[in-house]
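K.L.:
Here are the chains, one letter per residue:
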Amino acid sequence: MPQTLAPPAPTPGPAPARGTSPDPELRTLAERHGLTVSGARPSLPEYTRQLWHRRHFITSFASAKLTAMYTTAKLGQLWQVLTPLLNAAVYYLIFGVLIGTKRGVPDYVPFLVTGVFVFTFLQNSVMAGTRAISGNLGLVRALHFPRACLPISFCLAQLQQLLYSMGVLAVILLCFGQVPTWSWLLVVPALTLQFVFNTGLAMVMARLGAKTPDLAQLMPFIMRTWMYASGVMFSISVILQGKHLPQFVVVLLNGNPAAVYIDLMRFALIDSFTAKQLPPHVWAFAAGWALLAGVVGFVYFWKAEERYGRG
Amino acid sequence: MAEQTNGTDVTERGTGTAPAETPGARVPTVIADDLHIVYRVYGTGAGKGSATAALNRIVRRKPSTGVREVHAVKGVSFTAYRGESIGLIGSNGSGKSTLLKAVAGLLPAERGKVYTHGQPSLLGVNAALMNDLTGEKNVLLGGLAMGMSREQVRERYDGIVDFSGINEKGDFISLPMRTYSSGMAARLRFSIAAAKDHDVLMIDEALATGDRSFQKRSEARIRELRKEAGTVFLVSHNNKSIRDTCDRTLWLEHGELLMDGPTDEVIKAYEAHR
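Top to bottom, those sequences are chains A and B. Sequential numbering from 1 applies to the first sequence in this note's numbering. Sequential numbering from 1 applies to the second sequence in this note's numbering.
One should not assume that every hint holds.
[Unchecked claim] Among chain A residues calculated to face chain B with C-beta under 8 Å, some are:
id, residue
1, 23
2, 26
3, 27
4, 30
5, 64
6, 71
7, 72
8, 138
9, 139
10, 143
11, 309
[Stated by the list, open to error] With a straight-line Cα cutoff of 25 Å, these simulated BS3-like cross-link-like pairs (lysine-lysine) come out:
id, chain 1, residue 1, chain 2, residue 2
12, B, 196, A, 65
13, B, 113, A, 211
14, B, 113, A, 303
Calculated directly from the structure, the hints in this document are not laboratory data. None of these values were measured; they are calculated from a predicted model. In this text, a Cβ means the ideal position worked out from N, Cα and C, and glycines have one as well.
With these hints in hand, go ahead and build the complete structure from the sequences.
P.N.:
Listed below in structure tokens is the structure:
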């Protein structure tokens, strides 16, 4: 939605040469007829309203992207389930069988697979966010819509993908003797919070990636480092036991949003992962990170709205 | 540089007309005020493109020569009024399409401003469509991407499919778009794009798609759209289609507005120039 005009700029010298400087007459003409600046950034409430208006586009675009991904494969949409399953199998082979990093974690396979799936959700959302604008310049330069549609839509596609993974995870859990309990319902708030966090982070990355496309090359390394620090393959609480690490390291390890969301999911799904293993104030951390990333990401992304599409 | 004939002296007309309320007064719909557009292109390989050369540049803190700036539109000013249809001509790479994108608010201006009435739209949804999806899903996706509601798309769905003529040779709409011939795909794209009504409509050489009968149909549809739209811009290399559709023409060359006036005059000068 267009913005109202700013007050006229101070008039340059008399009778400016045409085509060399802005013409005050044109500005007055535009103002008199209520014309608005094309491509100007709308106000934040207006932007939110536009985004809500485009919600069907966001969801359709997300599911279209996901469907389009596997249409050329013979097994088709079955890959949505096979991919996470194979992923889990590889991680089990390496960390469960070959290296044997069980390190005093009971129910290691469910523990590992939950961690892998939850982190993959974060990783893919961030990666998709980084390329949301820079990889879709054609779309950005052809059609008019609030650009935040793109990162949100990509994160939604990742959420949808994760739901397939969760189905696989449920089967794995049953196979390893976990019985569904009421605590499984905690998956819903945990996932909701993580989705908000992921989307906020994706929006930050989308703006950075639009300005510096090189980030798409750099991000896999950052994400991998983050993964090893987040207790995907090991239990942070087990590692911390009996060691006297500086307080800030402990806070950093426990407050790490990726670790927080992974631990919440394990707590919800795995019986042997009890509240004792959760870091203190874990739900507050989960909600706080989601709120922080969501609000900061959205505002940060909106601030550059009119500049996407260049470069 | 050619002599600048000013068929429509914008400033004078702007100040001379009565306010918008008076019937018959000319109401501006698009005003471009000293518009500059600069593209930045990365990795053009200006200078040595090897990794060591790049590293050398970073170490010596020289500005990267891999970035090149293309000044595509240089200080263009014009005013378009309601009911006008305006042609844009000029050789390849003269900045016509860039100008349209800037008017649509899709490319940010480096300097200057574009004022518009409502939201101008480019005719075209190609970028939103996905080749791996069925025609059906693409109609929905394209419609939504253009800002139509789900209900609006559903209402117009049959019209879009019939107009495209995709189903004339069997049930093609339920097949992925990558199985279409290029002509069929172009027809579907045009049909989706033309399904929406626009305030200010911009057409970028869209007339040359499909076979003869489809071209006729699409020309008729564009005339319809013109009637509904406030102002139409048409970019084309076909001087005949500009003569047929436009009463005013802008001639761009090297990103500068060379001439702005009645179509006949401008095209005559353009043809003489070549």
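K.L.:
With reference to the structure, classify each hint as holding or not holding.
P.N.:
Now for the hints, and whether the structure bears them out:
no., hint, result
1, 23, "6 Å, holds"
2, 26, "4 Å, holds"
3, 27, "6 Å, holds"
4, 30, "4 Å, holds"
5, 64, "5 Å, holds"
6, 71, "4 Å, holds"
7, 72, "7 Å, holds"
8, 138, "4 Å, holds"
9, 139, "4 Å, holds"
10, 143, "5 Å, holds"
11, 309, "6 Å, holds"
12, 196(B) x 65(A), "24 Å, holds"
13, 113(B) x 211(A), "22 Å, holds"
14, 113(B) x 303(A), "19 Å, holds"
Against the hints set out earlier in the document, no violation occurs for any number.
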